[in-house]
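Colleague: Sequence:
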Amino acid sequence: MAFYRSVGEVPPKRHTQHRRPDGGLYYEELMGEEGFSADSSLLYHREIPTAIVDASPWQPPGLGTTANHPLLPRHFKLHDLFKDADEADVVTGRRLVLGNGDVRISYAVASTPSPLYRNAIGDECVYVESGNAIVETVFGTLTATAGDYVLLPRATTHRWVPQSREPLRAYVIEANSHIAPAKRYLSRYGQFLEHAPFCERDLHGPGAPLLADGTDVPVLVKHRGGAGGVTGTRYVYPRHPFDVVGWDGCLYPYTFSVHDFEPITGRVHQPPPVHQVFEGAGFVICNFVPRKVDYHPLAIPVPYYHSNVDSDEVMFYCGGNYEARKGSGIGQGSISLHPGGHPHGPQPGAYERSIGVTEVDELAVMVDTFRPLELGEGATACEDPAYPWSWAR
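Under full-length UniProt numbering, the first residue of the sequence shown carries the number 1, and numbering increases by one thereafter.
Hints listed in this document are in silico derivations from the structure and should not be mistaken for laboratory results.
This structure is a prediction, so every number in the text was calculated from the model and none was measured.
Hints may contain errors.
[As the list claims (entries may be wrong)] No farther apart than 30 Å at their CA atoms in a straight line, the calculated lysine-lysine pairs in the DSS-like style are these:
no., residue 1, residue 2
1, K183, K326
2, K326, K292
3, K77, K326
4, K83, K326
5, K326, K13
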């Protein structure tokens, strides 16, 4: 995402001396994607960023999955997963719902600050269902409120600090790649085009450096390795890693509010790609927001029945009323999984009820994957066993 920002103190020329008030040097770090061939930022540290004093194994939560077999559409009630969030945090308390080699979808309900953490496997896109949080990062601070996506580039050291009395509910999408706005929204140089449903003004990055003091500071790192291809290490840094006095470039964390997404509508029902927000390798992220619907005089506003020939479809229902699923048991905090190889669509009666409807009040986040998804322990703990048969009622 080539949208340049400069925060704090940076020298006039990159890779040149940047001196402290006492005459000493700040330490320049390049954080970049695809080696030196894609978006990057330069960060200027008070301390040497590579210094560690200890390292020990750490086991990230919820790595195991089981196949969706027999092949079924499924419904998971995420709000049943957490009965007590007093001691949970967004990082170590997340519970895996679905995953494959490209993406992992987890859910967390948190009331306590997370440890310092970075994901060295891929970018993270976290949707805040409810509550508020400060996300402290090596680039600076982000404010996250209900309806915000929080985009965290791979290897960004950060922590989540809930701010509200109610627990923070977070829907976590972890990629095995980078996550960016859909390519068709961008010019060849990375600027948002006029047909895009959001633009640079809607993206909110850190506005100032975040400097913290401390010694022997632990950081949890999820990285490649181990029997399942994923493992973790607990590093201890001699000085706090939040020591960046300034940075500039096109790679940094940011927030985007679902409420700033401008829906694309038409005379007849529009296909899911018009709702797309972001994409990663092997998956896309879409959102369904309140909007006017089809205005052809013979339109049927709910989705037509369709087969996911090449993808699994995951829908997270996080607000409003999703009329197409009325009668299925789906409600706030639900996830539906409609796998490739199984046709799906509106519940019985929804097709007819939608005729004449002029607008919908719904809020949902959808992830479409192009490889089959498997079930995590969080899915098996909150599954609705009646859902696969709901169309036959």
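Colleague: Which of the numbered hints are not met once you compare them with the structure shown?
Modeller: 1 and 5
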